[in-house]
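Sequence lines, in order, name chains A and B.
According to my numbering, the first sequence is numbered sequentially starting from 441.
According to my numbering, the second sequence is numbered sequentially starting from 490.
Hints in this document: simulated from the structure, not taken from any laboratory.
Take the hints with a grain of salt, since some may be wrong.
[To be verified] Just some of the chain B residues that point at chain A, by a computed CB distance under 10 Å:
id: 1; residue: N509
id: 2; residue: L520
id: 3; residue: A525
id: 4; residue: R543
id: 5; residue: P555
id: 6; residue: Q556
id: 7; residue: I558
id: 8; residue: A559
id: 9; residue: Q560
[Said to hold, decoys possible] Cross-link-like lysine to any residue pairs, in silico, SDA-like; alpha carbons within 20 Å at most:
id: 10; chain 1: A; residue 1: K749; chain 2: B; residue 2: D551
id: 11; chain 1: A; residue 1: K747; chain 2: B; residue 2: V570
id: 12; chain 1: B; residue 1: K563; chain 2: A; residue 2: R460
id: 13; chain 1: B; residue 1: K508; chain 2: A; residue 2: K481
id: 14; chain 1: A; residue 1: K481; chain 2: A; residue 2: R460
id: 15; chain 1: A; residue 1: K529; chain 2: B; residue 2: R524
id: 16; chain 1: B; residue 1: K563; chain 2: A; residue 2: G746
id: 17; chain 1: A; residue 1: K747; chain 2: B; residue 2: K508
id: 18; chain 1: A; residue 1: K749; chain 2: B; residue 2: V570
id: 19; chain 1: A; residue 1: K529; chain 2: B; residue 2: S515
id: 20; chain 1: A; residue 1: K747; chain 2: B; residue 2: A522
id: 21; chain 1: B; residue 1: K508; chain 2: A; residue 2: A924
id: 22; chain 1: B; residue 1: K563; chain 2: A; residue 2: K481
Heads up, the beta-carbon is just placed ideally off N, CA and C, and yes, glycines get one too.
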Amino acid sequence: MQLNGAQLIVRLLEQQGITRIAGIPGGAALPLYDALSQSTKIHHVLARHEQGAGFMAQGMARVSGKAAVCIASSGPGATNLVTAIADAKLDSIPLVCITGQVPSSMIGTDAFQEVDTYGISIPITKHNWLVRDVWDLLEVIPDAFRLAESGRPGPVWVDVPKDVLTAVIELEALPEPACRDPLPLVEAALVERAAGLINAARTPVLYLGGGVIAAEACTAAVALAERAGLPTTMTLMGLGAMPVDHELSLGMLGMHGARYTNYALEEADLLIVLGARFDDRAIGNAEKFCPNAGIIHIDIDPAELGKIKRPNVAIHGDVARVLEQLSTKVLSNPRREWVARVNELKRAHPLALPGVEDPRSHYGLVRAVADLLDDEAVIATDVGQHQMWVAQAYPFRRARQWLTSGGLGTMGFGMPAAIGAALEQPERTVVCFSGDGSLKMNIQEMDTAVEEWANIKVVLMNNQSLGLVHQQQDLFYGKRIFSADYRRHTNFQKIAEGFGMQVFDLDQTEDPRALLAQALKTPGPCLIHCSIDVNQKVFPMVPPGAANTEMIGG
Amino acid sequence: MNAEVIGQVHKVVLELTVKNHAGVMSHVCGLFARRAFNVEGILCMPVGDGAESRIWLLVYDDARLPQMIAQLEKLEDVIRVERHAANRRVFERLEEFFL
Ligand SMILES: Cc1ncc(C[n+]2csc(CCOP(=O)(O)OP(=O)(O)O)c2C)c(N)n1
Ligand SMILES: [Mg+2]
């Protein structure tokens, strides 16, 4: 068969099982778009900003666990993708990003819409390529998927000059689609030592990160907790790994964790850390974190072992594999005394949710939405106070139920990620809790949501402020609120209507719960607006640089 | 380890075997730069049939070096990383070119 580079890419994507791509065309990518127009298997979702396309791909990848694809043209198309790709890198989300580049002969001449995409993408990807020869695509595209999904997942970037997209080659057959690399072998002696430490521990805590979800090891992790009586905490990225209402769940730890969670960790004599990286928002001051605890650290990325905390036992491996071996060696032990002590801490220092009864208050709205949905719903957020209120108050019970920008903390993540999730899994209701600041960062994607009729419910917690900034200035900068509150009121209802979204305003109703129920039941994209008091805070809070036990508020 | 001692700071030599293509130097140098880890000396030449290159790096041995090596090993184009004491006199032999 005869194919040009662009057609070859499309065929290789189809073969990889890709059915949906988000992107925006432009000069250098036109051959690719021409080839895509002829595909009967791939649906192109036309984003309104390349960052939106990147986050839509993230939404698809986060709910499916498989690499998703976004594409853009050279120059500004590529630079607009940068934030979404960097976000995927920090949260270990598998993405394959493909961009057009100026023709090879013009590279290095400051040609129109030329930027050094290869150079720009090095620090924000797992790996990247500038494809110099059309034949190289046969290797690069399958490799891109293999690398994105193998080991610790992450984004990869393939930059393809226009002449490579148009060069024609004659082929007998396509290469095989990529498979993931084999999992590393687990050292049995280390598993033995880890089991020994767990069996000897008096007050151990299981600590689950996003890696547990990536490895699909949640059931195994919960089973280990139940077998060994391990109170279990989760990082922001790990939420959903264990149902929060499980009796062993300690909920989220760290900067905005409940007091009882951080206090229980302080009493731990052993931490069993699975697929987590000791992020500073999770552990606070690293020296003062769990001062009396030994550490077992299990991760697929060997560079994470010992990066922040020196473990007593470090196991490089797939969390699911390691748990398989570990579970047979860990003795069954209900640890009644320790669990009772933890329950005492829960009673003495519960998570305070002021106003939770009022569906028009911050925590109340989160709970009201949760009350109307089951665990099949997907919950996305933007970044800010609203994100932390959802993380604290939403009853997550399922892996991949929760989509949030953890490592990069990118405002503007929420709505496009929700669109991607809704298109990937159209049977689900996808809620995006957003803030007025964050929503403005990718508000143009309302247009995409309506065009694709994505089943997203944007719950806007409108405090007319960059609330988290307001909170920090209020608490730590002498109440000098500067450049945090918006002086003008934005009519989001009109904006959403302008894009063709349905609008439900909780401010304007006698019965907010009924209106909320109606909104969540109405198919297709909608905006659910609710004003929130700007003076509400996310509490408790670990001040910057403090130990996790030195929380304020809550 | 018998690393050379210069004013109490040890230097070590890293020997990297890498895939030989444009970009691999950016990957390696970028890694050190963005993790704020100084590289004192760097040498790179293709080896064998040219499919691979060898990169020699002269670096100070501080507590973060194992982390740097772990990060280097994760780079897709880096095939192997070996750590030598500074008595691997790669850089000394070149000193005459820097006089
Ligand atoms: C792209 C980006 N710019 C700036 C920030 C810093 N920042 C973190 S939270 C926040 C305010 C978010 O405001 P909003 O979306 O309204 O949420 P709220 O805190 O009010 O709930 C800002 C500016 C960020 N996280 N991301
Ligand atoms: Mg706000």
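Consistency of the hints with the structure:
no.	hint	verdict
1	N509	violated (14 Å)
2	L520	holds (8 Å)
3	A525	violated (13 Å)
4	R543	violated (21 Å)
5	P555	holds (7 Å)
6	Q556	holds (6 Å)
7	I558	holds (9 Å)
8	A559	holds (4 Å)
9	Q560	holds (5 Å)
10	A:K749 x B:D551	holds (17 Å)
11	A:K747 x B:V570	holds (18 Å)
12	B:K563 x A:R460	violated (30 Å)
13	B:K508 x A:K481	violated (35 Å)
14	A:K481 x A:R460	holds (8 Å)
15	A:K529 x B:R524	holds (16 Å)
16	B:K563 x A:G746	holds (15 Å)
17	A:K747 x B:K508	violated (26 Å)
18	A:K749 x B:V570	violated (24 Å)
19	A:K529 x B:S515	holds (18 Å)
20	A:K747 x B:A522	holds (18 Å)
21	B:K508 x A:A924	violated (49 Å)
22	B:K563 x A:K481	violated (34 Å)
When the structure is compared with the earlier hints, violations turn up for hints 1, 3, 4, 12, 13, 17, 18, 21, 22 and for no others.
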